[in-house]
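> Residues in the sequence shown are numbered consecutively from 9, following my numbering.
It is possible that some hints are incorrect.
[What the hints assert, rightly or not] Cβ pair distances, simulated, as ranges: (1) Arg130 with Asp56: 51 to 61 Å; (2) Gln129 with Phe70: 39 to 49 Å; (3) Arg83 with Ile49: 37 to 47 Å; (4) Val75 with Gln129: 49 to 59 Å.
Hint data in this document are derived by calculation from the structure and do not stem from the laboratory. Note that the structure is predicted; figures quoted are calculated from it, not measured. C-beta atoms are modelled at their ideal positions from N, C-alpha and C, and glycine is treated no differently.
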Amino acid sequence: MANNTTVPGKVLGTPGPAGRLSPEGSQVLSKKKLQDLVREIDPNEQLDEDVEEMLLQIADDFIESVVTAACQLARHRKSSTLEVKDVQLHLERQWNMWIPGFGSDEIRPYKKACTTEAHKQRMALIRKSTKK
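Between the sequences and the hints, there should be enough to build the whole structure, so can you do that?
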């Protein structure tokens, strides 16, 4: 996974001091965004500094692992371009997550609900009573 975008003397997206992406990079989740998310759920809630750092680290690790796996899938397709379907496939298969707005090419079989013995007995009783 090569990063071609550079700033004079600095590669964008390089890890900063805390292991997270530098502010100049494309950091997806900032402390302000995290605090806004928490306020959206509960306006009176306040996260500790350590909890914020941990959540930011978990988010960065998740994004890094998804992008790495998606790049490997693109490479497996013999493509030099990362496409939505690469990210989508990894999220669906590994994390059981779907990207809203993007349909899957995969045909999912319809799972018929298994009937329990008690249900079969109730249905037999209903059928028997309706025949009379």
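> Go ahead and decide if the range 39 to 49 Å is satisfied by the Cβ distance of Gln129 to Phe70.
Check passed, 47 Å falls within 39 to 49 Å.
> Taking the Cβ atom of Arg83 and the Cβ atom of Ile49, is their distance within the range 37 to 47 Å?
holds, 38 Å
> Could you check the hint for me, namely that Val75 and Gln129 are 49 to 59 Å apart, CB to CB?
Hint holds: Cβ distance 53 Å, inside 49 to 59 Å.
> Do Arg130 and Asp56 keep their Cβ atoms within the hinted range of 51 to 61 Å?
Holds: the Cβ-Cβ distance is about 53 Å, inside 51 to 61 Å.
In summary, the structure agrees with every hint in the numbered list given earlier.
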